[in-house]
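**Student:** Protein chains in written order, with our numbering: chain A, 1 to 286; chain B, 1 to 226; chain C, 1 to 226; chain D, 1 to 419.
Source of the hints: derived by calculation from the structure; they are not laboratory data.
Heads up, some of the hints might be wrong.
What the hints assert, rightly or not - Derived list of chain C stretches under chain A, where covered just means 3 residues or more per stretch with a C-beta under 8 Å from a C-beta of chain A:
1. 40-50
2. 120-133
3. 190-200
4. 208-221
Unchecked claim - Covered, in the sense of this in silico footprint (three residues per stretch, anywhere, with C-beta under 8 Å from a C-beta of chain B), are these stretches of chain C:
5. 16-25
6. 137-150
Cβ atoms here follow ideal geometry from the backbone N, Cα and C, with glycine treated the same way.
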Amino acid sequence: MSVVEKLGNVDRRIIFLLIALAVIIPLVFNISFMEHPTPIVQVIFDKIESLPEGSKILLPFDYGPSTAPELEPMATAVTRHCCKKNHKMYIMALWPTGQAQALRVIENVIEGEFPDKVYGTDYVHLGYKAGGYGLINTILADLKKMYTTDAPGTHIDEIPMMSDIQNLRDFAFICNFSAGFPGLKEWVQFAGDPGDIPVAGGTTAVSAPLLYPYYPRQMLGMMGGLKGAAEYEASLVHQYPEYEQVYQRAIAIMGPQAIAHLVIIIFIIIGNITFFIEKKRQKKVG
Amino acid sequence: MRRRIPIIITFVVGTALILAMFIPHTPFSSLDENLSVYFDIIAVFAFILGGGNLLRVHLVRIQRKKVDWPYSFVTIIGFLFMLIIGFFKIGGPPGLTGDFLAEGSWFRFMFEAVFNPLQATMFSLLAFFVASAAYRAFRAKTKEATILLISAFIILVGRTPIGHYFTFWLPKQLEFLHIPTLANWIMGWPNTAGQRAIMIGIALGVIATSLRIILGIERPYLGAEK
Amino acid sequence: MYALQVWIGALLTLMIFSFLYKDNPFYKFAEHLFVGISAAYWMVVGVWGTMVPNMLAKIHPPLVRTILPALANAEPEYHYIIPCIFGILLLTRLINPIAWLSRWALAFIIGYTAGVRFSRYLQSDFVGQIKSTLIPIVAVNDGGFSLGMTFSHIVLIVGVVCGLIYFFFSKEHKGAFGAASRVGIYILMVTFGASFGYTVMARISLLIGRMSFLGEWIGMILGWFS
Amino acid sequence: MLHMERACPHLGRASLFCVVVILVVSVGFLSTAPAQEETFEISLAGAQTPAPPGVPEVHDTPYDAGGSIIVSWTLSADDGGGKNHVSGYDILRSTRIDGDYQVVSSVTKGVDRYVDTSAQDGTSYYYRIRALAGEFFIDSSPSKAVISSQQWYNVERSNLLVIAAILSFFIIFYITRAKKGKKLFIRRIAGLEAVDEAVGRATEMGKSILYVPGIQDLDDVQTVAGITILGSLAKTIAKYDTKLDVPVSRSMVLAAARETVKQSYLSAGRPDAYSDDIVHYVTDEQFGYVAFLDGTMVRNKPAACFYLGSFFAESLILAETGNSIGAIQVAGTAQPAQLPFFVAACDYTLIGEELFAASAYLSKEPRALGSLKGADAGKVLASLAIGFGVLFETLRVLTGSQAMAKVSDFIIRLFSLRF
């Protein structure tokens, strides 16, 4: 059997093993690189940075565990930034799994890193409501129609920071973390466009290319996948050097990510070389 | 009556919502709001329907001893266990008050220990299949496929930090060939153009389908009963 | 407790990964468990998060006194009976003789979807996208002519129009029209290449997420030994 | 078309004019009623008291369901400049100009606009803005009176109404025509020709054909399109006497696909070659289904594989296995994230709408054909709009002429969400 044939008939499981190693080895050796923020991400950072202290920011968590490796770093970085700037954070979820994901960020970032933040005046967890885009449509007109209580069950009128919120138009900015449907697209269609509210957010890399047509007119900015998260972290570190010592998850993970990309590209190239050699030989035979 | 009433419901609801877009006056504005709330609530019944269906399918499987029927017990037991600890907020705040996902509750524990790793791992399997397909299937068979792969290469390299080290040495006049710059340009211009053409096409499709449904030319809810 | 959580998670993760070797009982167990747990999770979240506060508490507030005391003293709003009825109709799907009643609820859901999607897709994805494409061919930057931007603008405009031509079915793609359609498909291929790159990126990220979780687990085991 | 688009805005402007006149008259009438008093309430005179904000401008939110008033003001001189110690503003409201002002809401510094959505329709209100600086504060002069009301027609959306009407007209027009039996032309679709070619090759090689109609249920139009194409494919297959294999993942799809294939074999005159085993159910579970398909492909080595319907992550597993056994592969889906994998790994791919077009072309179903044609009309509209818009935008940049700018602005406004 020739080398070409051997290469063409490699067992799938060997390839599985190689890609696993391409991820594990850089992870073990902690390989990481410098990040340079692109404008589409920087604009979100600048928005949160430039809003006056105490601005009301809506943070919808529309993802579940399956995409958390991409979206949790973004949610962490943005929430951290909002805490730093003393913005009021309103956390909600269109995905049932989003409520649990939001809790992780609240516990780790807000309660963990900023213990002086007071629930009800600095941040509130409104939780999940059913309806998807129907829910966005409802709260665009009247938020308290659906959100009669927050997630732990307190009456909405007893929460100080809810007193001057009637509907989505009362928010200075909506920054969403979305894994698909319903997600950032629906926030643009049902909140941003009809309500004239600045919308931006982070999405999985899968849906990022599909959302580019909304940028920059209908959607302020976007963090696409882990790379977007890493860029946001880089902006944060740049602005607040005290975070240089803090573990930046997305930046750390971008190392293995880059190596795995290289391996995939090498696979495609080898695959195509064998394909062309094979084709040439068949032509000769034929 | 079985056929006519659903058609009337669809027509009234759909038309009211479209009119509400142009008529802000009551009752249209409040109709839009209330219908949205109703929709949100009915969505929960759809979850219950999903749970009920699941239970039925797996009970039938066990009853008829279909392929892999013993695993259906795993599904049913998992389902019922999760349901009970969630509905009774076991281990959570006192009584039935408070958040069902509160720290320390069994439901939260099951989410973190079981649901979370299962869902996350399910999706991560795909990375392996992507790698294997990259090696064995993605071929530049046609001109179209070649363009696709080249564009994919630029993105794959350009969207990682390595892209920078590939071409940072380029002179100023050729800076536009710097891979990260090129990757950003592809995303911002040709990708936007292509996605926009697809988006406009899909929008027209959605508009046409919605219109057919509202006017009763299309009746998906009747077909779904066969 | 946290250690237990990590252990369960790690074992389930490995069970799913075992599918990569071949389909086996461990994988089947994990898959079936996942199906059951997730259906229950959705139901619990839907009922506690939406059905109780937004329907039951509205129709008859004293009903939720032990669950959401904050809402127990509100005035009842009887129109919330409507989604309740539709929701119950939806559940008739599970009872064969009266399953046809669920069509009424489906008719509501479909009518609502058609109504809102008609207007939102028209606004954001049709009208909105056309507006974003209304840009000059010649781009001026800092008061001077910008060759790079002009090229980008041309790519965008030509790309969108040719993409639309590719999806135009009422005319044979011959001659100049055919040429435009070829350009359209090439632009679409660049777009797909971008999507391809991004999707590969996403899958890899998820794998890294799982691997670092397993790393945490192994770290925990090593920690016990040292 | 362009003529129609222009006709409506005039109507829009006329009604807008009426509303403005009524508003101006009523506001004027009400605001002259009470005596204007210029009193500032200064809590604690001294250096720390900030400069007062400007007199608030108030007006009823236009084209809404009522209950809403827009209040705007010029910032205090000590906000962003001067002593720069203003921390925020309170918005005060009263039904009398001379007193009884209550705080409606507060905003942070730098904000000069507030939409009060707690107004009662028909009540006239006065507003004052209070600048806050630590324990010091100062109020602006009261605003004019303002009344909120609801309107019957949203003039700002006239353009959307016209566009919606045009699109709806074309869709309904073509559906009616198709129903009347009028022949509607649909272009040749390359992927469909590949289908026949693949069947031919499978027959030559004496191997089977695998057909996968996606993993979604019948309520997904892509599945329906997949089954329609299966129907026409089955006819050709029945004639050639090739073996067909259709594993499905939904019981409703099973019923529909069996019916379709049976019909095809009947109309091809080969009812004897049909058996219920051709279409069979596997499992609802996504990866379970894929594992089964994978196994079947490796064992039976079909000559051709078709994947037409709605696909998710399994797309690339299928395409990869098909590739490894050297089958001709034809795919088609409208799932945007899966299309790239099909294009890269299959021989032919029906991209998005092509799948629906192919199904409409084969089924000759009036609804599907009419919608397709209606959507085509929408694409013409979009292309024309882009063409004219770009032309005048370019002329504006090149000539700098006012007239061009006006035309160009008008076209852009036509496609704005607020006309």
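**Student:** Now tell me if each hint is right for this structure.
**Tutor:** Hints, one by one, checked against the model:
Judged by the Cβ-Cβ criterion of 8 Å, the stretch 40-50 of chain C is covered by chain A as claimed, because 6 of its residues qualify and three suffice. Counting residues of the stretch 120-133 of chain C whose CB lies closer than 8 Å to any CB of chain A gives 9, which reaches the minimum of 3, so the coverage claim holds. Using a Cβ-Cβ cut-off of 8 Å, 6 residues of the stretch 190-200 of chain C lie near chain A, which meets the minimum of three, so the contact claim holds. For the stretch 208-221 of chain C, the proposed coverage by chain A is satisfied: 6 residues have a C-beta within less than 8 Å of a C-beta in that chain, meeting the threshold of three.
Residue count for the stretch 16-25 of chain C with a Cβ under 8 Å from a Cβ of chain B: 4. That meets the three needed, and the coverage hint holds. Here's how the stretch 137-150 of chain C fares: 1 of its residues keep a CB closer than 8 Å to some CB of chain B, so the rule of at least three is not met and the hint is violated.
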